[in-house]
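Peer 1: Sequence:
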Amino acid sequence: GAPEGFDALVLAELARAAGAVLFIARDDAALARHAEAMAFTAPDIERLDLPAWDCLPFDRVSPNAGVVGRRIDTLTRLTEGRGGSPRVVLTTVAAALQRLPPRAAFAQVALSLKPGMALSPDAAIAFLVRHGYGRTQTVMEPGEYAVRGGILDVFPPGMERPLRLDFFGDSLEAVRTFDPETQRTVGGADTAVLQPISEVPLDEDSIARFRTGYRALFGAPGPNDVLYESVSAGRRPMGVEHWIALFHDGMETVFDYAP
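Take the sequence shown: its letter number 63 is residue 73 in our numbering, and every next letter is one higher.
Warning: the hint list may mix true and false statements.
Distance condition first, Cα-Cα at most 16 Å in a straight line; then the derived EDC-like pairs of lysine to aspartate or glutamate [unchecked claim]: (1) Lys124 <-> Asp176; (2) Lys124 <-> Glu214; (3) Lys124 <-> Glu183; (4) Lys124 <-> Asp180.
Here are the computed distance ranges between Cβ atoms for each label pair [claimed, not checked]: (5) Gly232 <-> Ser122: 19 to 27 Å; (6) Ser242 <-> Gly11: 49 to 57 Å; (7) Asn74 <-> Asp235: 46 to 54 Å; (8) Ser242 <-> Ala27: 49 to 57 Å; (9) Ala39 <-> Met150: 21 to 29 Å; (10) Leu24 <-> Val71: 34 to 42 Å; (11) Gly197 <-> Ala30: 28 to 36 Å; (12) Arg221 <-> Ala114: 14 to 22 Å; (13) Phe16 <-> Thr146: 39 to 47 Å; (14) Leu237 <-> Glu151: 18 to 26 Å; (15) Pro112 <-> Ala30: 19 to 27 Å; (16) Pro13 <-> Thr195: 42 to 50 Å; (17) Arg145 <-> Arg70: 21 to 29 Å; (18) Ala30 <-> Val71: 32 to 40 Å.
None of these hints come from the bench; they were simulated from the model.
Remember, predicted model here, so these are calculated numbers, not experimental data.
For every residue, glycine included, the Cβ atom is placed at its ideal position computed from N, Cα and C.
All chains, please: the whole structure from these sequences, using the hints.
Peer 2: Right under this line is the structure:
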């Protein structure tokens, strides 16, 4: 019953009293309005956004990488628990109705980076490929990475700017941020975190679950089954996210993440 424009203040007061609040907005436009209002009226409140996919069920296109990045950043932070500040989780009716990967899928999957740590470029690239990042010539959008000798550019979800990782042998020498438009280094970073960019994992266990579930539903795949062949080969075909339930051992909802 709170008037529009005043509801952000009400949410902030509820969060301060209860510690955490889950708010379900009508649609993406309402979610964006609440997020903007809360950033202005209650900057002390931790705000997590969980939008819905921006594509139709079983469409032949994948959800936008930026949307998926926001979702994964929120789900990862929810599995880590709440810190000392109050928290508001903003989502929509469509997102609340959508099944999510189980919490275990986002528990302890992030790769923490710190200058001087032992990490080879091959190990970092293997992490990126396994968790849905795509290789490009120039990093511009979340979910992309590029390799230039001993330098690895990557744009993790939840970050305003992409990262430039400078390796010396099997050691991470420096972590910097850069402007994706000019490709110029902006500044250094003491620490950084790489999170998955896809809700669909492509490791041996998840591929085996997909193959078993797919054959149980549709029988033996034909010789021209592009989806089955691509996933079996460890490739990520367009629209594979719509088969997400076959990659996980059960699915959950936003209410499991934020009871």
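Peer 1: Starting from the hint 49 to 57 Å, judge whether the C-beta atoms of Ser242 and Ala27 obey it.
Peer 2: 51 Å, holds
Peer 1: Within a Cα-Cα threshold of 16 Å, do Lys124 and Glu183 meet the stated pairing?
Peer 2: With a Cα-Cα distance of about 9 Å, the restraint between Lys124 and Glu183 holds, given a limit of 16 Å.
Peer 1: Is the distance from the Cβ of Leu237 to the Cβ of Glu151 consistent with 18 to 26 Å?
Peer 2: 24 Å, holds
Peer 1: Starting from the range 21 to 29 Å, see whether the pair Arg145 and Arg70 falls in it by beta-carbon distance.
Peer 2: Once the Cβ atoms are compared, 22 Å apart, the range 21 to 29 Å for Arg70 and Arg145 holds.
Peer 1: Note whether the CB distance of Pro13 and Thr195 lies within 42 to 50 Å or breaks it.
Peer 2: 46 Å, holds
Peer 1: Would the hint linking Lys124 and Asp180 be met if the CA-CA limit is 16 Å?
Peer 2: 13 Å, holds
Peer 1: Check the hint pairing Lys124 with Asp176 against an upper bound of 16 Å on the C-alpha distance.
Peer 2: 11 Å, holds
Peer 1: Assuming the hint says 32 to 40 Å, is it satisfied by the Cβ distance from Ala30 to Val71 or not?
Peer 2: For Ala30 and Val71 the Cβ distance comes to about 34 Å; the hint holds.
Peer 1: Quickly compare the C-alpha distance for Lys124 and Glu214 to 16 Å and report which way the hint goes.
Peer 2: 28 Å, violated
Peer 1: If you check the beta carbons of Gly197 and Ala30, does the distance land in 28 to 36 Å?
Peer 2: For Gly197 and Ala30 the Cβ distance comes to about 32 Å; the hint holds.
Peer 1: For the hint 39 to 47 Å, verify it against the beta carbon of Phe16 and that of Thr146.
Peer 2: At roughly 44 Å between Cβ atoms, Thr146 and Phe16 fall inside 39 to 47 Å, so the hint holds.
Peer 1: Looking only at beta-carbon atoms, does the pair Ser242, Gly11 fall within the given range of 49 to 57 Å?
Peer 2: 53 Å, holds
Comparing the model with each numbered hint stated earlier shows that hints 2, 5, 7 do not hold.
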